[in-house]
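Spelled out, the chains give:
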Amino acid sequence: MTVDTDVLILINQLDDNDIDVRQAAKRVLINIGEPATEQLIEAMYALRGKRCWEAASILSQIGTPAARQALSKMLVSPNIMVSQIAASAVARWGMTDTLLAALPETHGMVQLKIVDGLEKIADPRAVAPLRVLLHTTESPALRSASIQALGVLGGPELIPDIEPYVDDADHHVRKRANAALERLHSLLNLSDTA
Amino acid sequence: MLKTLSYLYVEDEPLSREIMHMIMSNVIGATKLTIFEDSRDFLMRIKALPQIPDVIMLDIHVKPLDGFEMLGLLRADPAFSQSHIVALTASVMNEEILRLRTSGFQGAIGKPLSLHTFPDLLRRVMAGETVWHVA
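Line order of the protein sequences matches chains A and B. Quick note: the first sequence uses my numbering, first residue 1, plus one each step. Quick note: the second sequence uses my numbering, first residue 1, plus one each step.
Treat each hint with caution, since some may be false.
What the hints assert, rightly or not - Distance condition first, Cα-Cα at most 20 Å in a straight line; then the derived SDA-like pairs of lysine to any residue:
1) Lys50/A / Ser25/B
2) Lys63/B / Val166/A
3) Lys3/B / Asp20/A
4) Lys26/A / Ile23/B
5) Lys63/B / Asp20/A
6) Lys32/B / Arg17/B
7) Lys3/B / Asn17/A
8) Lys26/A / Gly110/B
9) Lys47/B / Ile97/B
10) Lys120/A / Val134/B
11) Lys175/A / Glu37/B
12) Lys120/A / Ala179/A
13) Lys175/A / Glu96/B
14) Lys32/B / Asn17/A
15) Lys3/B / Asp18/A
16) Lys120/A / Thr117/B
17) Lys3/B / Ser186/A
18) Lys120/A / Lys32/B
19) Lys120/A / Arg183/A
20) Lys175/A / Phe68/B
21) Lys73/A / Ile41/A
22) Lys32/B / Ala179/A
23) Lys26/A / Arg123/B
24) Lys3/B / His116/B
25) Lys175/A / Asp77/B
26) Lys175/A / Ile97/B
27) Lys175/A / Lys63/B
28) Lys3/B / His171/A
29) Lys63/B / Arg183/A
30) Lys120/A / His133/B
31) Lys26/A / Lys63/B
32) Lys175/A / Glu13/B
33) Lys175/A / Arg99/B
34) Lys3/B / Glu96/B
35) Lys175/A / Met22/B
36) Lys3/B / Asp15/A
37) Lys26/A / Ser114/B
38) Lys50/A / Met22/B
Treat the hints as calculated values from the structure; they're not laboratory data.
Chain A extracted, bound-state conformation (with noise of 0.2 Å):
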């Protein structure tokens, strides 16, 4: 046998229902690496089955520079779990652009992920998108995530648009709205004594 038709068969397995056998399959693909990689951007594409998601997640761990360009494809892919592994790889990689990128135009759980892999990149540049994201969202979870991003990301110029926040409706969004604005009222105590 090939190391195509090997590569293949394992891809099979990747549409078991049973967790076990698919992350057996995902070890061996995993390990194989580059020698895969065209096969499972092509089952990633397909976005049928187990095996779309599952391609995604072990392309996301090989992380040649051909998965990283094809996970950045799929951000705003129409399946979620595709979109939501992809998500975390290229907020991994630190590849901010394509984050932002992605960030209006992808469902909600992606955009999640994306707030909290911009969080952690800590590049200024997500401050003005995620100001954005956070006054237009209708999802409680991303204004709370967003907040959360805010306050470690920004600076005292961000209280403003923190302030109102902590009347929100949600709890979750008043508690980390509190939060990030007594990062912020910190930073400008010390400017100020400084």
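Start from chain A and add chain B according to the hints.
Structure of chain B alone, referenced to chain A:
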């Protein structure tokens, strides 16, 4: 093994519930997942379930009872002595992490949940390990 277990998740945030449902049904293949959207009459509702959940996952900031209060009720009731109880939290505040570590949870898992890591974390919890996977 994970797919045959029964799970309870208490979470008041819709997006987090959707993510949990997606992971449980698609990734783990679990068919016995119950979700409470709040903690009203918590003990009465959990006892009304067809079986005691093997795994109980509590969001910390649910109301009217928060995760710590729900944990207290469960730990005081012998009916739940075999259940694995885990906190799910989006919080990164240090004092809360410290409180989680000392409160008697078998672990804490950070939100948003990861499709990659969550099944393995559950497996470790079921193996009796204490799991701390928060930012």
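Query raised in the report: Is it true that the CA of Lys73/A sits at most 20 Å from the CA of Ile41/A?
Result: holds (11 Å)
Query raised in the report: Is the Cα-Cα distance between Lys26/A and Lys63/B 20 Å or less?
Result: violated (40 Å)
Query raised in the report: Regarding the pair Lys63/B and Val166/A, is the alpha-carbon distance no greater than 20 Å?
Result: With Cα atoms ~18 Å apart, Lys63/B and Val166/A stay inside 20 Å; holds.
Query raised in the report: Do the alpha carbons of Lys175/A and Ile97/B lie within 20 Å of each other, as the hint requires?
Result: holds (15 Å)
Query raised in the report: Taking only the CA atoms, is the gap from Lys175/A to Met22/B under or equal to 20 Å?
Result: violated (27 Å)
**Report entry** Hinted pair Lys175/A and Glu37/B, Cα distance within 20 Å
**Finding:** holds (19 Å)
Query raised in the report: Is Lys3/B close enough to His171/A, meaning Cα to Cα at most 20 Å?
Result: Judged against 20 Å, a Cα distance of about 33 Å means the pair is violated.
Query raised in the report: Given the hinted pair Lys50/A and Met22/B, is their alpha-carbon gap at most 20 Å?
Result: Holds: Lys50/A and Met22/B sit about 12 Å apart, inside 20 Å.
Query raised in the report: Is the Cα-Cα distance between Lys50/A and Ser25/B 20 Å or less?
Result: Since the Cα atoms of Lys50/A and Ser25/B sit roughly 11 Å apart, the hinted pair holds (cutoff 20 Å).
**Report entry** Pairwise hint evaluation, Glu96/B against Lys175/A, where the allowed Cα distance is 20 Å at most
**Finding:** Given that 20 Å is the threshold and the Cα spacing comes to 13 Å, the pair holds.
Query raised in the report: Are Lys120/A and His133/B close enough, with their CA atoms no more than 20 Å apart?
Result: holds (15 Å)
Query raised in the report: Does Lys32/B pair with Ala179/A here, judged by a C-alpha cut-off of 20 Å?
Result: The given pair, whose Cα atoms are some 36 Å apart, is violated under the 20 Å limit.
Hints 5, 8, 9, 17, 18, 22, 25, 28, 29, 31, 34 and 35 from the list above are not met by this structure, while the remaining hints are.
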